[in-house]
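4 protein chains.
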Amino acid sequence: MMNERDDEHLRDACGVMGVQRHPEAARLCYLGLYALQHRGQESGGIVASDGQKLVRHVEMGLVADIFDKAALEPLKGSLAIGHVRYSTAGGSSLSNAQPLLATTTHGTLAVAHNGNLTNALTLRRQLEASGSIFQTTADSEVLLHLVARSTAPTLREAIVKALRQVEGAYSLVFCTKKELIAARDPYGVRPLALGRLGKAIVVASETCAFDLIGAKYVREVKPGELLYANGGGVKSFPFAQSPRQAHCSFENIYFSRPDGLIFGKSVYMVRKELGRQLAREAPAKADLVIAVPDSANVAAVGYAEESGIPYGLGLIRSHYIGRTFIEPKQSIRDFGARIKYNAVPEALREKRIVLVDDSIVRGTTSRKLVRMLRRAGVRAIHMRISSPPIVGSCYYGIDTPTKKELIAATHSVDQISGYLGVDSLAYLSVKGLLKACGGDQQRFCVGCFTDQYPIPLMDFAKKDVRPVC
Amino acid sequence: MMNERDDEHLRDACGVMGVQRHPEAARLCYLGLYALQHRGQESGGIVASDGQKLVRHVEMGLVADIFDKAALEPLKGSLAIGHVRYSTAGGSSLSNAQPLLATTTHGTLAVAHNGNLTNALTLRRQLEASGSIFQTTADSEVLLHLVARSTAPTLREAIVKALRQVEGAYSLVFCTKKELIAARDPYGVRPLALGRLGKAIVVASETCAFDLIGAKYVREVKPGELLYANGGGVKSFPFAQSPRQAHCSFENIYFSRPDGLIFGKSVYMVRKELGRQLAREAPAKADLVIAVPDSANVAAVGYAEESGIPYGLGLIRSHYIGRTFIEPKQSIRDFGARIKYNAVPEALREKRIVLVDDSIVRGTTSRKLVRMLRRAGVRAIHMRISSPPIVGSCYYGIDTPTKKELIAATHSVDQISGYLGVDSLAYLSVKGLLKACGGDQQRFCVGCFTDQYPIPLMDFAKKDVRPVC
Amino acid sequence: MMNERDDEHLRDACGVMGVQRHPEAARLCYLGLYALQHRGQESGGIVASDGQKLVRHVEMGLVADIFDKAALEPLKGSLAIGHVRYSTAGGSSLSNAQPLLATTTHGTLAVAHNGNLTNALTLRRQLEASGSIFQTTADSEVLLHLVARSTAPTLREAIVKALRQVEGAYSLVFCTKKELIAARDPYGVRPLALGRLGKAIVVASETCAFDLIGAKYVREVKPGELLYANGGGVKSFPFAQSPRQAHCSFENIYFSRPDGLIFGKSVYMVRKELGRQLAREAPAKADLVIAVPDSANVAAVGYAEESGIPYGLGLIRSHYIGRTFIEPKQSIRDFGARIKYNAVPEALREKRIVLVDDSIVRGTTSRKLVRMLRRAGVRAIHMRISSPPIVGSCYYGIDTPTKKELIAATHSVDQISGYLGVDSLAYLSVKGLLKACGGDQQRFCVGCFTDQYPIPLMDFAKKDVRPVC
Amino acid sequence: MMNERDDEHLRDACGVMGVQRHPEAARLCYLGLYALQHRGQESGGIVASDGQKLVRHVEMGLVADIFDKAALEPLKGSLAIGHVRYSTAGGSSLSNAQPLLATTTHGTLAVAHNGNLTNALTLRRQLEASGSIFQTTADSEVLLHLVARSTAPTLREAIVKALRQVEGAYSLVFCTKKELIAARDPYGVRPLALGRLGKAIVVASETCAFDLIGAKYVREVKPGELLYANGGGVKSFPFAQSPRQAHCSFENIYFSRPDGLIFGKSVYMVRKELGRQLAREAPAKADLVIAVPDSANVAAVGYAEESGIPYGLGLIRSHYIGRTFIEPKQSIRDFGARIKYNAVPEALREKRIVLVDDSIVRGTTSRKLVRMLRRAGVRAIHMRISSPPIVGSCYYGIDTPTKKELIAATHSVDQISGYLGVDSLAYLSVKGLLKACGGDQQRFCVGCFTDQYPIPLMDFAKKDVRPVC
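Protein chains in written order, with the working numbering: chain A, 993 to 1461; chain B, 993 to 1461; chain C, 993 to 1461; chain D, 993 to 1461.
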């Protein structure tokens, strides 16, 4: 049995969405989550408020499967927040699915979280010791308890106090009976955008969610900013100084959809520039540039443009999102790659190709792809990766394998090249990455490429504690 | 509510698969059907034989959802056939799902059919009048009754007699307890390929099914040929003269996957040639060639190569195969296009583009796409279609709207251009199509482009009788 | 794992229901089937006609689970027939569930059957040899093919011709677009009653179905009679002479509900008389008469009345209709009895009891019950059975174990008494049974008590052919 | 649509079960819950511990439907507790289903509760005000938070402290990784019994749960007693003085199964004595005593014995436990009674009957039953109720309608008699009830018959606060 959780890519942990002042808030939320589906394919959920009570629907599975008419019907009202989620192997269960919902002394409150808190375990132990009961293993639940314990006079202030207690990466959307609240950690690790649809206010992890519902992009939620909307407009409350910024560079490399803006820039343009920069840093003599579809398509187009080598289609991808496949017992060679990709021999035979991919995690799928291309008759394969080697885990909301599973953490580029069976292999440099992103190490997090992390690791500094998103 | 059955493409009716002499016949069948999923997304089914009895599992839905371990477990044995299916609105039900299975005086027999019989209704009326009871509304069931009624001494001969009674298009796979039988109509309308995997024999609508399971392509099943395999090898029985051939040209234009061979040629190469020929027939002054993804990607690459205009990515496609979407009551403008596509403004702004699509059926989605591109800031849109205008229905196994729904059947190219809102519109010529396919009107069916049909329409010659696939 | 298909009782094969000229025909049918649920708990189904087309819904399971609002909604029209069904182990599948539905040259026709045809296999072989395709393994399907093959000018005549070809036991309800037809075999083995509800005509296996919907009992459908109702009233067509009658005596002993009439008499009165007769034939010295609840309640009351020994409650029964239970691996002694019954020690301690049951099939549950009563402290158990020893299988529609599983077929009453561990055991005599039923061997079938069968066994005369209901 | 939640009976809120030191603890728990199914038919659940972790499975529905092999498989270990539950209309949801499970500073803890806390709302408000987050609306969750907040050095002491803070009725079973704890309120309102099965310790609401699994009854858990079992035996900790006792008299009248012991006595014997006492207090001239089956069977036998009038069967009951029925739009007269009962005219015609029922709540079903008996031809109906008129709600764990829905709260016996249409009506006196139960007002709660309540109503003393069990 094999499923789509293969080894070739890191997986983002979550996407969030919020809508206020729209008569069909939950339906827009649902469509927004569909647009954000690539950010999390294990569970989805919406909490909606009609001003009187909050109704919650969460399920394992894909957004379009979870939310049919019957599921959306009870989600009435003009205010809603939603969430899509991946999870690590251990934490994959419905009880951890978001938005989380709780009744506190500050009223009923729901929260959807993208990111990862680095001191959640410590806070949880403290809260449990003084009598709090946790219902999930999600780090996000700590936030609800901190709010519940707060003696601040208003919910908004209680949330601010809670945010000041947590460390790590968070793009958050809260909803109460009448209020929509969005907040982003002082480092701005994960994206979070503000938009408008007529009178309605919308927030979403990526702007593609706005495009689908016809909303207009206004601006990013700023690092260290809390946006508070109680039905009569949006107010901004900066709640923390930002010592520096640490936008996740992997959002540009792979996670975010190319048809949107994050960190204020077009993903498409950045990604194409990654390809161009790669062509400059690591040229190759070849007849054809092909991408590992679809995630490397834009970088490959950039590489082709910069290098002058024609862009072509040599790999066909099947779209089997969220599905699991049963493999015969007499196993099929390279099945994991075949189920997803097929080569087009007529396009490849006797060609020298540049094969562009966005990243290499374990390398096993790449190796199978290389064999598939060899069987299709290519003459030479020059593999080019539009990001630097991944040498460290992410502690800020991305599901990364342990260090020893990361091929680049334990092998040289030469060794990897030999393992993959390519004629040459080159990665983009960290410097080139930052340049293409349009920033420097004070603006972007490149922790997984350098093993140096901009935000204190707290609980994770101890050995053997892995983030459970 | 809107689902993926939009108006932009014709839908193929079916795909078939057969495996013999392999200990995991049903599992290979299932993988083959997954590779053929694009040929039919409404239902899937497998019949397997362990030499003693035939076991059948059919369900509505996608192959990967239908066949989990529990569903595959009872499908034991070394012989299996499978089927994926679309259907017209009226005939969409589980009872019509294939393979069909029946016990006849010649033994238990299962059949999977791709194509459409043009005299099925007439034959059915005759059979009912003499006491046959039909269980489905599928034309394919007629074949089973003809076999059941046959007094021929062997099953093979009974099938041959049945095939000589039916008219129309058929690529068929039969299985009994021990025999695998494949047959193709004398015109060779739909593809059907023969392959080998070690000792095992495989047949499939397209060779991509072979690639996934590691089987080798041997040759096409010939028009008018019946292949008979009883476990000890394959024998060929030509059962009818082919007055001419009538390979479906739409298989090359849109249906078949580009990573395979049909009618003995590479779909990729033919499709790229369609784009090249289109560039020759209908050049345009533009800065960028973009495809309506993914079906027009190859033709767009061909157009770009021939024209010298750079190929780019301007539309991002969501893959929501087989899913239905709920639209807000306050409907979203161009929702039908947005749910599937999003434009990348940064790639398109101020550009003059050639927009390549493979066909236009009703034109409504194309119109929405054009508006989406305009909103993204393109300066000019030159739409180029890699097939001629569709002016007639298909009677040989493709689900076509009625003539009055086909925009090109009732409007000139100029009128369509105005409706779509493009700066220019051009279709490939029939002659150009045949040239790119590498044949002439004696080899390919171009009925839907010319309203002239190579095989007698029989029942459909009467008014108001529409094919029910 | 153990389920309710225990060994203590024979199981009836089916119940049928029909309604015509009522705006909610399907809903009444559904309620009638609920009242007939005891006649078959494996599957249920309804076919309804709105005058234009027949719609069918069948499912495995209990009537109240199968038919919710969504399931009933499409069953429109003023005409409907229904069916509940048991089945033997091998034949338990949805494809055999009734009513069966087929399109024939005489139009679309549905049929629901209670009984068993003794020459179905022979007829099936003949029909298959001349080209008929069967979809089920149910004997009832033969009837549809005989009708489809008939060249009779009308459907009614075609049915009559078909009925004259089959042998065995049948109470049948047919429906077409506009006609309701009921028929009963010439021996009148299974019950079938005619009723009225205002203008509406109803037929049902038992009159309790009439009581629930408020219909009035009119009369039995006569042996060898076909009732034909085309919307304008009911016409009677005798189609066969009745050489003798063969009402199933087990309907009185166990199957039919006590709150109805069958074969024209009150089941309650007959069953009480069975108890009285038993008391006369086999008196006992005891302090208390208790029944094995609920099926023996009435006979026990009769025994108590006739004997003058007080009737009491000593066994409590759980109602777990249609459910399966998981037994611990460390198995619980007499679990099969405990899951269904519990003794009331306070009612039984130190008492000498008459334990009345309606029949003994394999004896294993009875044995467990006896042990349970011993543990509860009874001093003596005089077991009395309100039917004769079962020594032969039923071939007319009841699911009986094979002869060697029937304890009375291979053991004397003394041996059974020893096996059960009772102080005394007595069965009702065949003569006493017939007397209580109010008839003789020319009116009632007592085949399972005498191994002499009133209707030719045909196919079953051959060894190893068992009825598949 | 009508379902089994008719008006004729009060509904018990819950049943609990616990097993320790048995290798198949969860399976025994499941069987025990099946035996207790009558105490709660809306949801069921089990928490099991293998010594390392607690696993929980709860679902809406009946025990036999919830727990199949797959559901039981993960419930490993030698310790388990279980719960079946009714709920009021508003509170019927899976999130309230028990056992509840929480991780506290005292470790992971599960609890199953039968009863109702009268100060839960007050406690909840206090806990929420100081930062606790509640996940359910169940009163039982308060207990978990009190334990979590407790600074007592051991879990056992923390539970004792929590129990001293709550008021009302509770029979509780807790489990941790290794400990089984049972406790009962100082009034002993709900039953709770201790048993043994070899080395294993079992506790259950009623002893019928012991009978099914072959366990032996040891004694009741005493009012105000906590039993603590950590794997090495059971220790008793009295935690509160009992000012008086308040055993629920309705357990004897209706709720508990007759085949068990509660409050140390046989339910069967008490219930028969209720019938005898009723016969003494309210004799009638009649030919036949019949019960409303099955709940009044024992009382009717008692009435018959005492009065000398023969006991008979005049009403047949269908067992449609937990099912919902769809009624035709042209509604059937007295449908609510017909779906459950049918009269046997032959047993009733021209008879004067004593109709024994255990209680009358709203009276609507009784009225329908009376009409059904009239239609069956009875000459006179003397209705006798084996409990006093219900004039007040229960606040200790029984789901009662509001006072204005209770027919006896607003009508005299004469008025009720007229409404029901009986020839005479009599209830048992409170004195007679207590006498039959073998106690007095210092031992039994008769609050619902007198509107005087033995335990302070606390939150419910305020108007408009209704218990949510």
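Think of the hints as simulated: they come from the structure by calculation, not from any bench.
Ideal Cβ positions, reconstructed from N, Cα and C, are used throughout, including at glycine.
Warning: the hint list may mix true and false statements.
Cβ pair distances, simulated, as ranges [unchecked claim]:
{"#": "1", "chain 1": "B", "residue 1": "P1393", "chain 2": "D", "residue 2": "R1325", "range": "39 to 47 Å"}
{"#": "2", "chain 1": "A", "residue 1": "R1211", "chain 2": "B", "residue 2": "R1371", "range": "25 to 33 Å"}
{"#": "3", "chain 1": "A", "residue 1": "E1149", "chain 2": "B", "residue 2": "R1371", "range": "25 to 33 Å"}
{"#": "4", "chain 1": "B", "residue 1": "D1057", "chain 2": "C", "residue 2": "D1060", "range": "32 to 40 Å"}
{"#": "5", "chain 1": "D", "residue 1": "D1060", "chain 2": "B", "residue 2": "E1319", "range": "34 to 42 Å"}
{"#": "6", "chain 1": "C", "residue 1": "Q1444", "chain 2": "D", "residue 2": "R1272", "range": "54 to 62 Å"}
With a Cα cut of at most 27 Å, we get these calculated DSSO-like pairs of lysine-lysine [claimed, not checked]:
{"#": "7", "chain 1": "D", "residue 1": "K1153", "chain 2": "D", "residue 2": "K1257"}
{"#": "8", "chain 1": "D", "residue 1": "K1169", "chain 2": "D", "residue 2": "K1153"}
{"#": "9", "chain 1": "B", "residue 1": "K1153", "chain 2": "B", "residue 2": "K1257"}
{"#": "10", "chain 1": "A", "residue 1": "K1321", "chain 2": "B", "residue 2": "K1169"}
{"#": "11", "chain 1": "C", "residue 1": "K1427", "chain 2": "C", "residue 2": "K1454"}
{"#": "12", "chain 1": "C", "residue 1": "K1343", "chain 2": "D", "residue 2": "K1214"}
{"#": "13", "chain 1": "B", "residue 1": "K1153", "chain 2": "A", "residue 2": "K1321"}
{"#": "14", "chain 1": "B", "residue 1": "K1257", "chain 2": "B", "residue 2": "K1277"}
{"#": "15", "chain 1": "C", "residue 1": "K1343", "chain 2": "D", "residue 2": "K1343"}
{"#": "16", "chain 1": "D", "residue 1": "K1427", "chain 2": "D", "residue 2": "K1454"}
{"#": "17", "chain 1": "B", "residue 1": "K1208", "chain 2": "A", "residue 2": "K1169"}
{"#": "18", "chain 1": "D", "residue 1": "K1343", "chain 2": "C", "residue 2": "K1208"}
{"#": "19", "chain 1": "D", "residue 1": "K1257", "chain 2": "C", "residue 2": "K1321"}
{"#": "20", "chain 1": "B", "residue 1": "K1321", "chain 2": "A", "residue 2": "K1170"}
{"#": "21", "chain 1": "D", "residue 1": "K1454", "chain 2": "A", "residue 2": "K1045"}
{"#": "22", "chain 1": "A", "residue 1": "K1427", "chain 2": "B", "residue 2": "K1321"}
{"#": "23", "chain 1": "C", "residue 1": "K1045", "chain 2": "B", "residue 2": "K1454"}
{"#": "24", "chain 1": "D", "residue 1": "K1068", "chain 2": "C", "residue 2": "K1321"}
{"#": "25", "chain 1": "A", "residue 1": "K1170", "chain 2": "A", "residue 2": "K1191"}
{"#": "26", "chain 1": "A", "residue 1": "K1321", "chain 2": "B", "residue 2": "K1061"}
{"#": "27", "chain 1": "C", "residue 1": "K1061", "chain 2": "D", "residue 2": "K1396"}
{"#": "28", "chain 1": "B", "residue 1": "K1343", "chain 2": "A", "residue 2": "K1208"}
{"#": "29", "chain 1": "B", "residue 1": "K1191", "chain 2": "B", "residue 2": "K1214"}
{"#": "30", "chain 1": "B", "residue 1": "K1170", "chain 2": "B", "residue 2": "K1061"}
{"#": "31", "chain 1": "B", "residue 1": "K1321", "chain 2": "A", "residue 2": "K1045"}
{"#": "32", "chain 1": "D", "residue 1": "K1045", "chain 2": "A", "residue 2": "K1454"}
{"#": "33", "chain 1": "A", "residue 1": "K1321", "chain 2": "B", "residue 2": "K1454"}
{"#": "34", "chain 1": "C", "residue 1": "K1343", "chain 2": "C", "residue 2": "K1321"}
{"#": "35", "chain 1": "D", "residue 1": "K1321", "chain 2": "C", "residue 2": "K1068"}
{"#": "36", "chain 1": "C", "residue 1": "K1068", "chain 2": "A", "residue 2": "K1061"}
{"#": "37", "chain 1": "A", "residue 1": "K1321", "chain 2": "B", "residue 2": "K1277"}
{"#": "38", "chain 1": "A", "residue 1": "K1068", "chain 2": "C", "residue 2": "K1061"}
{"#": "39", "chain 1": "B", "residue 1": "K1321", "chain 2": "A", "residue 2": "K1343"}
{"#": "40", "chain 1": "C", "residue 1": "K1169", "chain 2": "D", "residue 2": "K1321"}
Status of the hints after comparison with the structure:
A hinted range of 39 to 47 Å for the beta carbons of B:P1393 and D:R1325 is inconsistent with their spacing of about 53 Å. Between A:R1211 and B:R1371, the C-beta spacing of about 28 Å keeps the proposed range 25 to 33 Å intact. A hinted range of 25 to 33 Å for the beta carbons of A:E1149 and B:R1371 is inconsistent with their spacing of about 51 Å. For the pair B:D1057 and C:D1060, the supplied restraint of 32 to 40 Å is violated, since their beta-carbon distance comes to about 24 Å.
At about 39 Å, the beta-carbon gap between D:D1060 and B:E1319 stays in the expected band of 34 to 42 Å. Here the CB-CB span from C:Q1444 to D:R1272 is close to 56 Å, well matched to the stated 54 to 62 Å. Among the hinted pairs, D:K1153 with D:K1257 is inconsistent with the structure: their alpha-carbon atoms are about 31 Å apart, more than 27 Å. At roughly 20 Å between alpha-carbon atoms, D:K1169 and D:K1153 fall within 27 Å of each other, so this suggested pair holds.
About 31 Å separates the Cα atoms of B:K1153 and B:K1257, which puts this hinted pair outside 27 Å; it is violated. Of the pairs offered as hints, the one joining A:K1321 and B:K1169 holds, with about 23 Å between alpha carbons and a cut-off of 27 Å not exceeded. For the given pair, C:K1427 sits about 33 Å from C:K1454 by alpha-carbon distance, which is inconsistent with the 27 Å threshold. Distance hint between C:K1343 and D:K1214 is unfulfilled; the C-alpha atoms sit about 32 Å from each other, more than 27 Å.
The hinted pair formed by B:K1153 and A:K1321 fails the criterion: a straight-line CA distance of about 40 Å is larger than 27 Å. Taken as a hint, the B:K1257 and B:K1277 pair is broken in the structure, with Cα atoms around 32 Å apart against an allowance of 27 Å. About 32 Å separates the Cα atoms of C:K1343 and D:K1343, which puts this hinted pair outside 27 Å; it is violated. Among the hinted pairs, D:K1427 with D:K1454 is inconsistent with the structure: their alpha-carbon atoms are about 33 Å apart, more than 27 Å.
In summary, the hint linking B:K1208 to A:K1169 is not supported, as the alpha carbons are separated by about 62 Å, beyond the 27 Å threshold. A C-alpha spacing of about 22 Å is found between D:K1343 and C:K1208, which places the hinted pair at or below 27 Å, so the restraint holds. For the hint linking D:K1257 to C:K1321, the alpha-carbon distance of about 33 Å lies beyond 27 Å, and the restraint is violated. Distance check on the hinted pair: B:K1321 and A:K1170 sit about 23 Å apart at the alpha-carbon level, within 27 Å; holds.
Annotation: proposed proximity of D:K1454 to A:K1045 holds, straight-line Cα distance about 24 Å (limit 27 Å). At most 27 Å may separate the alpha-carbon atoms for a hinted pair to count; A:K1427 and B:K1321 exceed this at roughly 45 Å. Restraint check for C:K1045 and B:K1454: satisfied, since their Cα atoms lie roughly 24 Å apart, inside the 27 Å limit. Distance check on the hinted pair: D:K1068 and C:K1321 sit about 13 Å apart at the alpha-carbon level, within 27 Å; holds.
In summary, the hint linking A:K1170 to A:K1191 is supported, as the alpha carbons are separated by about 15 Å, within the 27 Å threshold. In summary, the hint linking A:K1321 to B:K1061 is supported, as the alpha carbons are separated by about 12 Å, within the 27 Å threshold. In summary, the hint linking C:K1061 to D:K1396 is not supported, as the alpha carbons are separated by about 32 Å, beyond the 27 Å threshold. Restraint check for B:K1343 and A:K1208: the C-alpha separation of about 22 Å stays at or below 27 Å, so the hint holds.
Proposed proximity of B:K1191 and B:K1214 is supported: the alpha carbons are some 21 Å apart, at most 27 Å. Restraint check for B:K1170 and B:K1061: satisfied, since their Cα atoms lie roughly 24 Å apart, inside the 27 Å limit. Under the criterion of a C-alpha separation no larger than 27 Å, the hint pairing B:K1321 with A:K1045 is consistent with the structure, at around 23 Å. With a CA separation close to 24 Å, the supplied pair D:K1045 and A:K1454 stays within the 27 Å bound.
Taking the CA atoms of A:K1321 and B:K1454, the gap is near 52 Å; set against the 27 Å cutoff, the hint is violated. A threshold of 27 Å between alpha carbons decides the hint, and for C:K1343 with C:K1321 the separation of about 35 Å lies outside it, so the pair is violated. The hinted pair formed by D:K1321 and C:K1068 meets the criterion: a straight-line CA distance of about 13 Å does not exceed 27 Å. For the suggested pair C:K1068 and A:K1061, the alpha carbons sit about 25 Å apart, so the restraint of at most 27 Å is met.
A threshold of 27 Å between alpha carbons decides the hint, and for A:K1321 with B:K1277 the separation of about 55 Å lies outside it, so the pair is violated. For the hint linking A:K1068 to C:K1061, the alpha-carbon distance of about 24 Å falls within 27 Å, and the restraint holds. About 53 Å separates the Cα atoms of B:K1321 and A:K1343, which puts this hinted pair outside 27 Å; it is violated. The suggested pairing of C:K1169 with D:K1321 holds, with an alpha-carbon distance near 23 Å, which does not exceed 27 Å.
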